[in-house]
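When you get a sec, could you build the whole thing from the sequences and use the hints?
2 protein chains.
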Amino acid sequence: MTTEDFSITDKNRVKRSYKRASYKKETVYHILDSSALAHVAYVIDNTPFCTPTTHWREGDYLYWHGSSASRMINRLKQGVDVCVTVSRLDGFVLARSAFHHSVNYRSVMCFGKATLVSNEEEKYRALNNMIERFFPKRTDEIREVTQKELKATSVIKMKIDVAAAKMRAAGPQDDEEDYANPIWAGVIPLTTIIGTYQPDDRLENGITPSESLNVWTSGKRLDDVLTETQQIYMNRLT
Amino acid sequence: MTTEDFSITDKNRVKRSYKRASYKKETVYHILDSSALAHVAYVIDNTPFCTPTTHWREGDYLYWHGSSASRMINRLKQGVDVCVTVSRLDGFVLARSAFHHSVNYRSVMCFGKATLVSNEEEKYRALNNMIERFFPKRTDEIREVTQKELKATSVIKMKIDVAAAKMRAAGPQDDEEDYANPIWAGVIPLTTIIGTYQPDDRLENGITPSESLNVWTSGKRLDDVLTETQQIYMNRLT
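Quick note, the sequences are listed as chains R and B, same order.
Mapping the first sequence onto the numbering used here, position 33 (from 1) lands on 33, and the numbers just tick up by one.
Mapping the second sequence onto the numbering used here, position 117 (from 1) lands on 117, and the numbers just tick up by one.
Don't read these hints as lab results, they were simulated from the structure.
Hints should not be assumed to be uniformly reliable.
Because identical chains share one entry, a pair is satisfied inside a single copy or across any pair of copies.
Unchecked claim - With a cut-off of at most 25 Å between alpha-carbon atoms, the simulated SDA-like pairs for lysine to any residue come out as follows:
1. Lys151 <-> Asp90
2. Lys123 <-> Gln173
3. Lys19 <-> Leu150
4. Lys123 <-> Pro199
5. Lys11 <-> Asp45
6. Lys220 <-> Ala170
7. Lys137 <-> Ser102
8. Lys159 <-> Ser218
9. Lys113 <-> Asp81
10. Lys113 <-> Met234
11. Lys151 <-> Ser212
12. Lys220 <-> Leu89
13. Lys220 <-> Ser68
14. Lys77 <-> Tyr63
15. Lys15 <-> Lys113
16. Lys11 <-> Lys123
17. Lys157 <-> Gln231
18. Lys11 <-> Lys113
19. Lys151 <-> Gln173
20. Lys220 <-> Ser70
21. Lys220 <-> Arg88
22. Lys11 <-> Gln78
23. Lys15 <-> Arg71
24. Lys25 <-> Asp10
25. Lys113 <-> Asp5
26. Lys148 <-> Asp10
27. Lys157 <-> Asn104
28. Lys157 <-> Ser118
Now the structure itself:
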């Protein structure tokens, strides 16, 4: 847990609805850690690209991986500027005017320079950590990463230089004179939940999910599960 | 419904796992229409930015809006290149080796030039359409958009020049020799669902949700609801 803030620069300063903003590391990290989907923006020949990927965090560093032959990796290994955004919708906000309709959300924009993890040992550790971060202890049970697999995969690491979180979690805020309009207003919440496990077609009879998957209970909220597994992962790292 | 494809250029050609790719407009549009969250990448002074926003589609055009004072709008109104990515995670794929762990997902990257909707009438229509697209018929019930609100809001429109969808929806594909490893493998699915309506604190007693909200039934999948409301919206446009 940290009580630090990110410094505020031209890049991460939230210009609109700044009351919804936070530069606290604790807030930024919580949003990053409770999601498994990031969008990475980078520039090639002045053209912006936005690639979705699965990210994970270790301290002030974000990690993601990709095929060594992918466009994203080929660009990012040059050590370029990236913006990594993680966001999710928590609900639709229905107001009494179009203008005050809104969404509840949690989002974070992180800025930094991409670096290729070139040290073999660090890369091996990172690829295991990617599994451990989501499924703690699973690397004890799966077959080890081979040299060939290490070659085929690239890992990108980014120190979060500056970041900002932006959130909305409230009901509609209508103009005073509109409250008299007899129309339903409120929030329609959205939740992402863990579904029913689908065993692989070739799974042998009698093989059940390991105890390490207990945290991934069907019906639970994804953000809760990811927060829990990140906590287990961080505790094992230290 | 369209049977057309997007042309394939250097921008949208899927380089890795190209079997997961599709350039069919029908596929691209379905992914766009079944989601309410887009990530817009753009460049300011060679630095990439990735801003999350709520999008909607009309034919070959994507729309989104923002405060006239926001960084994104200030940049995009200059008519610059953008990449709009819409993606969601459908599940975690657990394999018998780290390398074959994966995620099931649906994503689409759209490329084009942002344009500011400057015609007042078109802008008024667009702001109503943003509500209609999610909540068909709701603009009949809410208070009309005022001139002041029109000024405070900017609408961006982008013709989708090229786009590519990329999807994975399958169980693990392990190396033949790893199937003997007695570990659970399969898919942990993720679903985003509509929660229980939260009425506004100031809602007067006896006001219930309009019939137009019937499609937003609690417990339904968000992607299904969004696909349905887009269909209703498109039918009313034509």
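Note to self: When the structure is checked against the list of hints, which entries are broken? Sort them ascending.
What the structure shows: 1, 4, 8, 11, 13, 16, 20, 26
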